[in-house]
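Using the hints provided, position chain B relative to the given structure of chain A.
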Amino acid sequence: MTYGTLALTLIFVFIPLVLTRVLNLGLEKDLLIATIRSVIQLLAVGYLLAFVFEAESPVFILLMITLMIVAATHNVQRKGTAIPGITAKVAVTFIFIEVLTQGILLGFGIIPATPQYIIPISGMVIGNSMVLAILFLNRFTAEVEARRGEVELFLSLGGTPKQAIHPRLMQAIKASMIPTLESQKTMGLVQLPGMMSGLIIGGADPIEAVQFQLLIIFLIMTNAAVTSAMLGFLSYPTLFNGRMQLVRKLET
Amino acid sequence: MEDRFEPAVRFENVNYSIDGDLILKEVTGSFPKGRITTIVGPSGAGKSTLLKLCNGLISPDSGKILIDGRQTEEMDPVRLRRKVGIALQDAPMMDGSVFDNLEIPLVLQGKRLEPEAAQSALTDVGLPAGLLSRDSRELSGGQRQKVSIARTLINRPEVLLLDEITSSLDPASQAEIELLIKTLNDRHGTTVIWITHNIDQAVRIGDYTWVMMDGKVAETGEALLLHEPATLQVREFVKGGQV
Chain A
1 MTYGTLALTL IFVFIPLVLT RVLNLGLEKD LLIATIRSVI QLLAVGYLLA
51 FVFEAESPVF ILLMITLMIV AATHNVQRKG TAIPGITAKV AVTFIFIEVL
101 TQGILLGFGI IPATPQYIIP ISGMVIGNSM VLAILFLNRF TAEVEARRGE
151 VELFLSLGGT PKQAIHPRLM QAIKASMIPT LESQKTMGLV QLPGMMSGLI
201 IGGADPIEAV QFQLLIIFLI MTNAAVTSAM LGFLSYPTLF NGRMQLVRKL
251 ET
Chain B
1001 MEDRFEPAVR FENVNYSIDG DLILKEVTGS FPKGRITTIV GPSGAGKSTL
1051 LKLCNGLISP DSGKILIDGR QTEEMDPVRL RRKVGIALQD APMMDGSVFD
1101 NLEIPLVLQG KRLEPEAAQS ALTDVGLPAG LLSRDSRELS GGQRQKVSIA
1151 RTLINRPEVL LLDEITSSLD PASQAEIELL IKTLNDRHGT TVIWITHNID
1201 QAVRIGDYTW VMMDGKVAET GEALLLHEPA TLQVREFVKG GQV
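Read top to bottom, the protein sequences are chains A and B. Going by my numbering, the first residue of the first sequence is number 1, and it counts up by one from there. Going by my numbering, the first residue of the second sequence is number 1001, and it counts up by one from there.
Next comes chain A alone, as it looks inside the complex:
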């Protein structure tokens, strides 16, 4: 695609701009910011990836992954959560999931150890983990607040914090995993997944595109389970103090 052709795609920005003006939605500024940011961010990433792919240095691959983890952690933290010291726990979770998934993919030779494979898959893994982490933390703190009485009941009867929080933790893990599983059930029926579409547009064989997409789907299942469970088990102890008491109201 030439830059001239790309410029033509701005028509798709112009249409919602006109609509928001006509319907008085007041979203003009947001639309312009979103457009400008996506152009700048994606072009920058494109040039950066071109450089990293050409350099083929593990240092640059690591730097890219670190950058992704830092950005994802910052985003989760920015969304706000009442759990103290959550930043480090989120970062540890992202690092673990990245090491686990890349370890399996590279260890079994499922993908070649080149930046062209490692970086995009890492982006999908970390991006997916980020969304899951936000979903999980919101649900978990809401669960604990809404059913504080039940948590205190278990504690009052001589339960440990782990026993008291267990039903709430399981509920939050399950709830954060459901959207991933549900969306995967309908995959291919309603819409073609992004990565598969990209490969097909890029000229890849559709069967090969499907194979890669399946890899991503399976990967994301692990991602969903491990991210929520790990974050849950890392974060629940901070809801209690040394006297096994539930901390006062969680600010959300």
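No wet-lab data here; the hints were simulated from the structure. Where a beta carbon is used, it is the ideal one built from N, C-alpha and C, also for glycine. Any given hint could be a false lead.
[What the hints assert, rightly or not] Cβ pair distances, simulated, as ranges:
| no. | chain 1 | residue 1 | chain 2 | residue 2 | range |
| --- | --- | --- | --- | --- | --- |
| 1 | A | E182 | B | I1018 | 34 to 42 angstroms |
| 2 | A | R148 | B | R1137 | 15 to 23 angstroms |
| 3 | A | A204 | B | R1137 | 21 to 29 angstroms |
| 4 | B | A1172 | A | R248 | 34 to 42 angstroms |
| 5 | A | I178 | B | S1167 | 33 to 41 angstroms |
| 6 | A | L192 | B | G1096 | 41 to 49 angstroms |
| 7 | A | R148 | B | R1079 | 19 to 27 angstroms |
| 8 | A | R147 | B | D1068 | 29 to 37 angstroms |
| 9 | B | L1179 | A | R148 | 27 to 35 angstroms |
| 10 | B | S1167 | A | R147 | 18 to 26 angstroms |
| 11 | B | L1232 | A | R248 | 32 to 40 angstroms |
Just chain B, lined up with the frame of chain A:
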């Protein structure tokens, strides 16, 4: 009277605050061992906070709470909570049957509740054994409170704390709970500390009384003190009859 009894629970200069608001102010006093103490006072006087401090669900900002002479902050929280059991306000029930709810204290210890033990736990609080399989959401207010007490009693606590368990009950259910408290105390010598809104009930059932006002202990003594309070503040409260 305080010098004449052995305390099961003793408060010494206890302060407790939430977000800078003092809920309890320099609370000092004792709850006699093997007897029934009622705590009365207006809403917001800090009565429920007192009970949660005894059970270790919360800790004081300063001061000491002693159970059988041992400071709660030095006790293992799990042991403390089994020794000083609390039936929480509103009697929270977990999803499942009455049996499932009665079993919770044992499940927390990795044990199972035998069906016979479950039946006697129910009959001890005046409920029919047939209620064991009933869904906990289908219980009436009085049944719920009794199941909550029976569940707390599974741990065989030495001190039983009851947080406003009769406030939402009809007179017949209230009378049943009163009888249950008396029986538990007579039969097992369990120390009972309970909060009630009803002054007549406090005199009728309690051996000893604490009157809480504005986070402080306004008066303590034999339950009959409520007939002739020493301070004007408590007299006015008792005259109001309700909180």
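Hints numbered earlier in the text: which of these fail when held up against the supplied structure?
3
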